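Engineer: Sequence:
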Amino acid sequence: MARPPLPLLLLALGLAAAAKSPYQQVLQHSRLRGRQHGPNVCAVQKLIGTNRKYFTNCKQWYQRKICGKSTVISYECCPGYEKVPGEKGCPAALPLSNIYETLGVVGSATTQLYSDRSNLRPEIEGPGSFTIFAPSNEAWASLSAETLDSLVSNVNIELLNALRYHMVDKRVLTDDLKHGTTLNSMYQNLPIQIHHYPNGIVTVNCARLLKADHHATNGVVHVIDKVIATTTNTIQQIIETEDSLESLRTAVAASDLSSLLESEGQYTLLAPTNEAFEKIPRETLTRILGDPEALRDLLNHHILKSAMCAEAIIAGLTMETLEGTTLDVGCSGEELTLNGKPIIANKDVLATNGVVHFVNELLIPDSAKTVFELAQESEVSKSTDLFRQAGLSSHLTGSEQVTLLAPVNNVFKDGLPAIDSNMRNLLLNHIVKDQLSSKYLYHGQKLQTLGDKELRVFVYRNNLCIENACIAAHDKRGRFGTLFSVDKMLTPPTGSVMDVLKADHRFSTLVAAIQSAGLTENLNRPGTFTVFAPTNEAFRAMPQGELNKLMGNAKELANLLKFHVADEILVSGAVSALVRLKSMQGDKLEVSMKNNVIHVNKEPVAESDIMATNGVIYAVNSVLQPQASRPQERGDEPADPALEIFKQASALSKVSQRNPRLAPVYSRILARMKENSGGF
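Counted the way mature numbering (1 follows the signal peptide of the UniProt record, and there is no 0) counts, the sequence shown spans residues -18 to -1, 1 to 662.
In short, the hints are calculated from the structure, not lab data. None of the values given here were measured: they were computed from a predicted structure. Any given hint could be a false lead.
As the list claims (entries may be wrong) - Calculated lysine-lysine pairs in the DSSO-like style (CA-CA distance at most 27 Å, straight line): (1) Lys51 to Lys70; (2) Lys160 to Lys329; (3) Lys193 to Lys70; (4) Lys51 to Lys193; (5) Lys70 to Lys35; (6) Lys329 to Lys364; (7) Lys287 to Lys28; (8) Lys51 to Lys329; (9) Lys564 to Lys584; (10) Lys193 to Lys152; (11) Lys47 to Lys261; (12) Lys51 to Lys35; (13) Lys51 to Lys395; (14) Lys47 to Lys323; (15) Lys329 to Lys395; (16) Lys435 to Lys415; (17) Lys329 to Lys47; (18) Lys287 to Lys2; (19) Lys576 to Lys537.
As the list claims (entries may be wrong) - Ranges of calculated distance between the beta carbons of each label pair, as one might list FRET restraints: (20) Glu550 to Lys2: 34 to 40 Å; (21) Asn391 to Asn506: 48 to 54 Å; (22) Gly86 to Gly20: 23 to 29 Å.
Cβ coordinates follow ideal geometry from the N, Cα and C atoms, glycine included.
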């Protein structure tokens, strides 16, 4: 028979490896880590101070932690192998015998003992094909004295039934233990729930497989860490029978979720106890219970889309809820955590359609909160104090659909501003009519505020801004309102560029210059201007003669002023790297950020983001000079005008000497170079 080509053979091997179950992949990783100690040696991580051991993946191996606790590495024979005196590693396969004999070899001698006492031994010694999920010796020892006594005192009935519930009448290996499936046990065909998680953990009724796939002549043995019990109740029936879930029972009935929780499926219910409900302010709880949509979101936020047993959690992971949000599920030592908090009071209460963990805190999703509640729990809590002091809480706690533009706490590091009529009006303009989502905002969009102002949306490559304030964090969408955290207090525009300049005494010289140059109408009309406005100080810094000459030449003055204006709006929040704007004069303006100060053409800006209805103004304490020509240059490094003139002069010198018509041009370039450099 011809051999398959090598590429096809490699592909087949790759597909076979890819088809391995998560458990087998983790076991293979443990083999690789242990191979230096000999054949069939597996590396395991043991939790310090306990007997808990894990085959782990690469991530856990390097972290050396399980549930945040340190581990030590030990090396032992992989499942199915044993040591041979005088030889390295575990070269010998375990003797193949019947299930009864195998139990004594794999660390489940107590199960073997009880099989003998309950008369199960003849069955598991005889012919057949069985799978037994055998509790370890430690699992039996951990049972309460009362439970163990009730089993052992009636060995022919209770103990036999308990053991047969741990058995399946066919051979089932770990590759056959698919996530979310059930197996019919040998006790009244009652189901056993199987979960096979991506991290390689396999659970049987939430008991973890410790040592799997031990072959026997009449089946297979898997050692588990608990004695499992039958379950016949749905999640809904558990809610109905648990006294500590009375408040949850009332909420579920009001939300009409009962049918879901008694239907087939595999869910995880994080069941808030009566104590959890009592911790919530009565006003908040009454509001949610009286709002069917908020109540449904609240309860769905406590239901995970898949069954998650506690034993499967050995590190943090993110789980999706029925509400569509996510919860961070993790562990710290023996405790499970939700969003980093150890609030799970009772875990792994098994139901026919999933698992229940009792939690002692209510998990209220954003979608069931008011805007005020959203703000109080985030980095804008100081803003909530400001709005409350201004008497605006009613807009943020009721059913009014709004979007709050809330400055982050760092904005108020020097304290909250005093509340007066002007501040109250300003705060009203931080509340936008309608419940918005930032992902639907677009450039040039107009938003109406409760203060009857119109705000503009600016979309930049690196930021999304509303007027001068840029969004600093992801939206928080509540029941009726949305929270936008912004990086500064909003300053709504109060007039055109000319109106703003005229109202500010720092720009009186600039206003006179604009009027003299005939540009007043341009800066009054609707538009999108960015104006780098020289202050009176900037004009005073110019030589008096040069200033007089400039003011007396309307054309030259207009040209200079146009160099200070770009025909697009750029707020400071959009400047992180170098930004180049084309001025109305034609040359480029180069805007950058250095040490948290905006610079234009390397000149520091005295004040940023003075908003106008048709643009934005930056105050500068120097008059910017346009460059006569713009050579090819680095985009992050403005050209030196004198150097460029020198380059042009050098290039033209020889030609001009041979061509009388170019001599005047050469003379003018030399004169300009002397003027810019102060002479040679």
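Engineer: Evaluate each hint against the coordinates.
Structural biologist: Evaluated hints:
1. About 31 Å separates the Cα atoms of lysine 51 and lysine 70, which puts this hinted pair outside 27 Å; it is violated.
2. At most 27 Å may separate the alpha-carbon atoms for a hinted pair to count; lysine 160 and lysine 329 meet this at roughly 23 Å.
3. Our distance criterion of 27 Å between C-alpha atoms is met by lysine 193 and lysine 70, whose separation comes to about 22 Å.
4. Restraint check: the Cα-Cα separation between lysine 51 and lysine 193 comes to about 22 Å, which is no more than 27 Å; the hinted pair holds.
5. Proposed proximity of lysine 70 and lysine 35 is supported: the alpha carbons are some 22 Å apart, at most 27 Å.
6. For the proposed pair lysine 329 and lysine 364, the alpha carbon gap of about 38 Å is over 27 Å, so the pair is violated.
7. With a CA separation close to 31 Å, the supplied pair lysine 287 and lysine 28 exceeds the 27 Å bound.
8. The hinted pair formed by lysine 51 and lysine 329 meets the criterion: a straight-line CA distance of about 20 Å does not exceed 27 Å.
9. Proximity of lysine 564 to lysine 584 is assessed by CA-CA distance (about 16 Å); at most 27 Å being required, the pair is judged to hold.
10. Taking the CA atoms of lysine 193 and lysine 152, the gap is near 18 Å; set against the 27 Å cutoff, the hint holds.
11. At roughly 34 Å between alpha-carbon atoms, lysine 47 and lysine 261 are farther apart than 27 Å, so this suggested pair is violated.
12. Among the hinted pairs, lysine 51 with lysine 35 is consistent with the structure: their alpha-carbon atoms are about 13 Å apart, no more than 27 Å.
13. Restraint check for lysine 51 and lysine 395: not satisfied, since their Cα atoms lie roughly 38 Å apart, outside the 27 Å limit.
14. Distance check on the hinted pair: lysine 47 and lysine 323 sit about 19 Å apart at the alpha-carbon level, within 27 Å; holds.
15. Between the alpha carbons of lysine 329 and lysine 395 the distance comes to roughly 43 Å, so the proposed pair goes past 27 Å and is violated.
16. The suggested pairing of lysine 435 with lysine 415 holds, with an alpha-carbon distance near 11 Å, which does not exceed 27 Å.
17. A distance of roughly 22 Å separates the Cα atoms of lysine 329 and lysine 47; the hinted pair therefore holds under the 27 Å criterion.
18. Restraint check for lysine 287 and lysine 2: the C-alpha separation of about 25 Å stays at or below 27 Å, so the hint holds.
19. At most 27 Å may separate the alpha-carbon atoms for a hinted pair to count; lysine 576 and lysine 537 exceed this at roughly 34 Å.
20. A C-beta distance of roughly 57 Å is found between glutamate 550 and lysine 2, which places it outside the suggested range of 34 to 40 Å.
21. For asparagine 391 and asparagine 506, the hinted distance range of 48 to 54 Å is not satisfied, since their beta carbons lie about 39 Å from each other.
22. With their beta carbons about 25 Å apart, glycine 86 and glycine 20 fall inside the hinted range of 23 to 29 Å.
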